[in-house]
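Enquirer: Based on the hints, put chain B in the right spot on chain A.
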Amino acid sequence: MLDTALMISLGLIVAAMAMNVVRLAKGPDVPDRLLALDTLYVNSIALIVLLGLWLNTKTYFEAAILIAMLGFVGTMAICRYLLRGDIIE
Amino acid sequence: MTFTLLAEGVVAFLLVAGGVFAFTGSLGMLQLKDFFMRLHGPTKGTTLGIGCILIASMLYFTVTQREFHVQELLITLFLFITAPVTGHMLAKTGLHMHLRFITGTRGSLPELRDEDVGQSRVARPAKARHPWRTRRKSLQMKSRQKPRLPR
Numbered sequence: 001m002l003d004t005a006l007m008i009s010l011g012l013i014v015a016a017m018a019m020n021v022v023r024l025a026k027g028p029d030v031p032d033r034l035l036a037l038d039t040l041y042v043n044s045i046a047l048i049v050l051l052g053l054w055l056n057t058k059t060y061f062e063a064a065i066l067i068a069m070l071g072f073v074g075t076m077a078i079c080r081y082l083l084r085g086d087i088i089e
Numbered sequence: 001m002t003f004t005l006l007a008e009g010v011v012a013f014l015l016v017a018g019g020v021f022a023f024t025g026s027l028g029m030l031q032l033k034d035f036f037m038r039l040h041g042p043t044k045g046t047t048l049g050i051g052c053i054l055i056a057s058m059l060y061f062t063v064t065q066r067e068f069h070v071q072e073l074l075i076t077l078f079l080f081i082t083a084p085v086t087g088h089m090l091a092k093t094g095l096h097m098h099l100r101f102i103t104g105t106r107g108s109l110p111e112l113r114d115e116d117v118g119q120s121r122v123a124r125p126a127k128a129r130h131p132w133r134t135r136r137k138s139l140q141m142k143s144r145q146k147p148r149l150p151r
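Line order of the protein sequences matches chains A and B. Just so we're aligned: the first sequence equals residues 1 to 89 in this note's numbering. Just so we're aligned: the second sequence equals residues 1 to 151 in this note's numbering.
Next up, chain A with everything else stripped away, as it sits in the complex:
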């Protein structure tokens, strides 16, 4: 039961990441691409957690925490740049 659920969840997450890449490629404006990148890193955290569940290890959670924090900081930096024209004033 757990293997089937893991396979279903992996397929759904990979399909979600493919849709994010489509939006990243054809987004008409800069905030659309920024939103696509933001969702892409969130989905990549889910993919890493599912990989850790599949391999039955706890090694990858530090990578997930790192991706979460750096993705948030990067999104905030690009938002500040688009809003104010500068990141740190």
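Read the hints as simulated data drawn from the structure, not as lab findings. A couple of the hints might just be wrong.
Stated by the list, open to error - Calculated cross-link-like contacts (lysine to aspartate or glutamate; reagent style EDC-like; alpha-carbon spacing at most 16 Å): (1) Lys92(B) / Asp34(B); (2) Lys33(B) / Asp29(A); (3) Lys58(A) / Glu67(B); (4) Lys92(B) / Glu62(A); (5) Lys26(A) / Asp34(B); (6) Lys33(B) / Asp32(A); (7) Lys92(B) / Asp29(A).
Said to hold, decoys possible - Okay, the calculated bits of chain A under chain B, using three or more residues with CB under 8 Å as the criterion: (8) 14-23; (9) 60-73.
Beta carbons are placed, not taken as given, at the ideal position from N, Cα and C, and that holds for glycine.
Expert: For chain B alone, kept in the frame of chain A given last:
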């Protein structure tokens, strides 16, 4: 035995629910017509989906390894704090850059009209301005109009 089976069922349900929620969020981001409509999917659906998946992982490692794990709870808490901040900043960026929106996006409630757009409607450009192309074109035009200095 029955406790293990019950925990396995809960973990499987949370995994499938998380995958469905993340898929729905990304589908909304792909299919909706407008940036301000597209913002709704990732900020709610994807966040809830990854919360479900992380809680499923926490339950799985708690049950199988007989010790309590809080690392996934840390990621869940961090994502649940940062997702509304990201959505707020992205909405501010979209409003600042005057992105195009369909007419159904901006609700025209009569009791909200005064504080929303003021007494007169704000004129918006028909097409979104590209941030650096327009600047570069204006710079090129200025440099073209400048007379060249004789050496």
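Enquirer: For each hint, tell me whether it holds in the structure or not.
Expert: Hint-by-hint comparison with the structure:
no., hint, verdict
1, Lys92(B) / Asp34(B), "holds (15 Å)"
2, Lys33(B) / Asp29(A), "holds (13 Å)"
3, Lys58(A) / Glu67(B), "holds (13 Å)"
4, Lys92(B) / Glu62(A), "violated (31 Å)"
5, Lys26(A) / Asp34(B), "holds (13 Å)"
6, Lys33(B) / Asp32(A), "holds (11 Å)"
7, Lys92(B) / Asp29(A), "holds (14 Å)"
8, 14-23, "holds (count 7)"
9, 60-73, "holds (count 6)"
The structure fails to meet hint 4 from the earlier list, while all remaining hints are met.
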